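Engineer: Just so you know, the sequences run in chain order A and B. At position 12 of the first sequence (counting the first as 1) the number is 12 in the numbering used here, and the numbers step up by one without a gap. Every number in the numbering used here is 113 more than the matching position in the second sequence, counting from 1.
Some clues are possibly wrong.
Pairs of lysine-lysine residues, derived as DSS-like cross-links and limited to a Cα-Cα distance of at most 30 Å, are as follows [to be verified]:
hint, chain 1, residue 1, chain 2, residue 2
1, A, Lys90, A, Lys75
2, B, Lys222, A, Lys98
3, A, Lys98, B, Lys141
Over the 12 Å line for every Cβ pair with chain A, so calculated as not near, a few chain B residues [as the list claims (entries may be wrong)]:
hint, residue
4, Asp124
5, Lys141
6, Thr157
7, Ile170
8, Phe218
9, Ser238
10, Thr284
11, Thr310
12, Gly312
Keep in mind the hints are simulated off the structure, nothing from the lab. This structure is a prediction, so every number in the text was calculated from the model and none was measured. Glycine included, every Cβ here is placed at the ideal spot set by N, Cα and C.
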Amino acid sequence: MHEIRIAEDLSTIVVDTAKREKLLNVTKVNICFGKLVQIVPEIFELAFREAVRNTPASNAMLHIEILSVEMRCMKCGSDFHLIDNQYVCKRCMSDEIKIIQGKELFIKSIEGE
Amino acid sequence: MEIKIMKNILDRNQHKAEEVRNLLSSKKLLMVNIISSPGAGKTTLLERTCEVLGPDIRIGVIEGDITTDRDAQRLKKYNIPIVVINTEGGCHLDSHSIFKVLESFDLEKLDVLFVENVGNLICPSQFDLGENFKIAIVSTAEGDDKPGKYPMLFREAEAVVLNKIDLIPYTNFNLTNFRSDLKMINGQVPLFEVSCTKGDGLAGWFDWLNNRIKGIILTREVSQVKNL
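From just these sequences and the hints, can you work out the full model?
Structural biologist: Below, the structure is given as structure tokens:
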């Protein structure tokens, strides 16, 4: 249930930004999650609705983009996409792997008037 | 009107975690974040660790629990400083709660601070506490599929402890599958197969941990000599 805490922190950022930019009504919140963060979008949506209740973002639509897991082999330098939980280089079979995408948890933008 | 933000949602937690990390690094103190499901053996591993390393190394513990101080009570007999954080329903600790309790410790008198996180395999791995590294514990009674189901934790962990190996004959736990799954997810992570109640396999864990703690103590001694 880390969705609740993340939704609360997101709500704080959205409300603070709306206040600073003098938005009376936030219509859309665009966020990005990496697949490894294991957020359940439906639970996150519920938690977000609760967090933004009685704020200028109470009617905001939540747009969630999920990013795939991408990796780089530190031995041969090739980049590859995670398939079947195999964190091993497809080319040289090395396990010296760096995750270059998939752990994101960020807010891209808000829209409003 | 669209307003670009491009910011980590957990920025607040991350900033505080860096503050914790800087503070502990200035004291040359190691912080270890222990993560597992409820009942995997976090407290029992701490008990054994206090018994074996306690005489030579100054240990402190932050006990994270949803409610009760039962784990802390179990560690009381080792006469080490312990602070309990009750999350009252929260499924993980965060860096703010850690920072707040650090003032309860005399950090100059510690070599290692263990944080026993709330029992959970997903949420705690998302929240940086300012630790030096995370340890994942999994017990055989939970099944051999945990690395595959919770890859983030097993990727992030600096060591994995497989506990309750003495119970394998009474479960359908497949050690070969567990080892190969873990190898696929994090081929470089050391695995300690132990029984915290019987003592099997613990020597390897003590050696590994001791080396990490000694490394920190050494950097402290070097900087003290430099300051003379």
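Engineer: Confirm or reject each hint.
Structural biologist: Hints, one by one, checked against the model:
Restraint check for Lys90 (chain A) and Lys75 (chain A): satisfied, since their Cα atoms lie roughly 12 Å apart, inside the 30 Å limit. Straight-line distance between C-alpha atoms of Lys222 (chain B) and Lys98 (chain A) comes to about 36 Å, which puts the hinted pair past the 30 Å bound. Proposed proximity of Lys98 (chain A) and Lys141 (chain B) is supported: the alpha carbons are some 28 Å apart, at most 30 Å. Distance check for Asp124 (chain B) against chain A: the nearest CB is about 8 Å away, which does not clear 12 Å, and the non-interface claim fails.
The claim that Lys141 (chain B) is not at the interface with chain A holds, since no C-beta of that chain comes within 12 Å of its own (minimum 28 Å). Listed as a non-interface residue, Thr157 (chain B) keeps its Cβ farther than 12 Å from every Cβ of chain A; the least gap is roughly 26 Å. Non-interface status of Ile170 (chain B) relative to chain A is upheld: no Cβ of that chain comes within 12 Å, the nearest being about 31 Å off. Residue placement check: Phe218 (chain B) keeps its beta carbon more than 12 Å from all beta carbons of chain A (closest about 25 Å).
Under the 12 Å C-beta cut-off, the non-interface status given to Ser238 (chain B) relative to chain A is violated; the minimum distance is some 9 Å. Distance check on Thr284 (chain B): its Cβ is at least 22 Å (rounded) from any Cβ of chain A, clearing the 12 Å threshold; non-interface status holds. The claim that Thr310 (chain B) is not at the interface with chain A holds, since no C-beta of that chain comes within 12 Å of its own (minimum 31 Å). The beta carbon of Gly312 (chain B) is kept farther than 12 Å from every beta carbon of chain A, the shortest such distance being approximately 31 Å.
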